[in-house]
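K.L.:
Residues per chain are reported as follows:
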Amino acid sequence: GAVVSQHPSWVICKSGTSVKIECRSLDFQATTMFWYRQFPKQSLMLMATSNEGSKATYEQGVEKDKFLINHASLTLSTLTVTSAHPEDSSFYICSASGTGIVDTQYFGPGTRLTVL
Amino acid sequence: AQKITQTQPGMFVQEKEAVTLDCTYDTSDPSYGLFWYKQPSSGEMIFLIYQGSYDQQNATEGRYSLNFQKARKSANLVISASQLGDSAMYFCAMREGHAGNNRKLIWGLGTSLAVNP
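Read top to bottom, the protein sequences are chains A and B. Numbering-wise (the numbering used here), the first sequence opens with residue 1 and increments by one. Numbering-wise (the numbering used here), the second sequence opens with residue 117 and increments by one.
What the hints contain is simulated information worked out from the structure, not anything from laboratory work. Because the structure is a prediction, the values reported are computed rather than measured. Warning: the hint list may mix true and false statements.
[Claimed, not checked] Simulated pairs of lysine-lysine, BS3-like, Cα-Cα distance not exceeding 25 Å:
| id | chain 1 | residue 1 | chain 2 | residue 2 |
| --- | --- | --- | --- | --- |
| 1 | B | K186 | B | K132 |
| 2 | A | K64 | A | K20 |
| 3 | A | K64 | A | K14 |
| 4 | A | K64 | B | K220 |
| 5 | B | K220 | B | K119 |
| 6 | B | K119 | B | K186 |
| 7 | A | K55 | B | K189 |
| 8 | B | K189 | B | K220 |
| 9 | A | K66 | A | K55 |
| 10 | A | K55 | A | K20 |
| 11 | A | K41 | B | K186 |
| 12 | B | K119 | A | K41 |
| 13 | A | K66 | A | K20 |
| 14 | A | K14 | A | K55 |
| 15 | B | K189 | B | K119 |
| 16 | A | K66 | B | K220 |
| 17 | B | K220 | A | K20 |
[Stated by the list, open to error] Just so you have them, the derived chain B footprint on chain A, three or more residues with Cβ under 8 Å:
| id | region |
| --- | --- |
| 18 | 42-55 |
| 19 | 77-87 |
| 20 | 90-97 |
For every residue, glycine included, the Cβ atom is placed at its ideal position computed from N, Cα and C.
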């Protein structure tokens, strides 16, 4: 149990375009989802926390107009990188926590974004 | 301020031997949770083990055990009988406050473990 999927697993896009990443909890209700960014050989950097039906809470320094987060249902959250630039290239990974599962966050497999 | 410190950027261990990955934490909250995650080269984060601050016994999950020393504020991960598949990055993380899944985690920088055949 406690499976989180993420789609796509990798994406290459041109500078200036927008990219949407989906995060789904497959076998539990995710009341809270977290979005992270990770650079090579570095730790996870929390971008934002989203609770179902509420606006996301962004960490300091994260542009909420650039990284749009939607958590419209208990099984789906999306991250949209708007007007992507090469510096947005990174590994984006989501996690979910919720009712009926062990008290921790369960992670999706991640999305590798490359902006040309 | 809350903080997680992992002082070992890289570790080597011989296959079938045990290895300890260090983690110290700093918090003023008497209620907190400590986690270890494994990240293989594929990138996925795999939850390994959890220790609550009020838990009387050290957590164990199969070959993983957490050496929780509250007075020293340390939560070291012990992997017994290392396997080649244990080669990965290992992250220690902390959540402040009592059980609450909507609370964010504070992450250490990670330790890269290489298991030699």
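K.L.:
Evaluate each hint against the coordinates.
P.N.:
Do the hints match the structure? See the list:
1. Only pairs whose Cα atoms come within 25 Å are accepted, and K186(B) paired with K132(B) is rejected, the gap being roughly 29 Å.
2. A threshold of 25 Å between alpha carbons decides the hint, and for K64(A) with K20(A) the separation of about 14 Å falls inside it, so the pair holds.
3. Distance hint between K64(A) and K14(A) is fulfilled; the C-alpha atoms sit about 21 Å from each other, no more than 25 Å.
4. Taking the CA atoms of K64(A) and K220(B), the gap is near 18 Å; set against the 25 Å cutoff, the hint holds.
5. Annotation: proposed proximity of K220(B) to K119(B) holds, straight-line Cα distance about 13 Å (limit 25 Å).
6. Between K119(B) and K186(B) the alpha-carbon distance is near 15 Å, which keeps this suggested pair within the 25 Å criterion.
7. Restraint check for K55(A) and K189(B): the C-alpha separation of about 35 Å exceeds 25 Å, so the hint is violated.
8. Among the hinted pairs, K189(B) with K220(B) is consistent with the structure: their alpha-carbon atoms are about 19 Å apart, no more than 25 Å.
9. A distance of roughly 15 Å separates the Cα atoms of K66(A) and K55(A); the hinted pair therefore holds under the 25 Å criterion.
10. This hinted pair checks out: K55(A) and K20(A) have alpha carbons roughly 17 Å apart, not beyond 25 Å.
11. As the CA atoms of K41(A) and K186(B) are separated by approximately 29 Å, the hinted pair breaks the 25 Å bound.
12. Taken as a hint, the K119(B) and K41(A) pair is honoured in the structure, with Cα atoms around 19 Å apart against an allowance of 25 Å.
13. A C-alpha spacing of about 12 Å is found between K66(A) and K20(A), which places the hinted pair at or below 25 Å, so the restraint holds.
14. Proposed proximity of K14(A) and K55(A) is contradicted: the alpha carbons are some 28 Å apart, above 25 Å.
15. Proposed proximity of K189(B) and K119(B) is supported: the alpha carbons are some 11 Å apart, at most 25 Å.
16. With a C-alpha separation of about 21 Å, the suggested pairing of K66(A) with K220(B) holds against the 25 Å cut-off.
17. At roughly 23 Å between alpha-carbon atoms, K220(B) and K20(A) fall within 25 Å of each other, so this suggested pair holds.
18. By the rule of at least three residues with a Cβ nearer than 8 Å to a Cβ of chain B, the coverage given for the region 42-55 of chain A holds, with 6 such residues.
19. Coverage of a stretch by a chain is defined here by at least three residues with a beta carbon nearer than 8 Å to that chain's beta carbons; for the region 77-87 of chain A and chain B the count is 0, and the condition is violated.
20. Under a criterion of three residues with beta carbons nearer than 8 Å to beta carbons of chain B, the stated coverage of the region 90-97 of chain A is upheld, 4 such residues being counted.
The structure fails to meet hints 1, 7, 11, 14, 19 from the earlier list, while all remaining hints are met.
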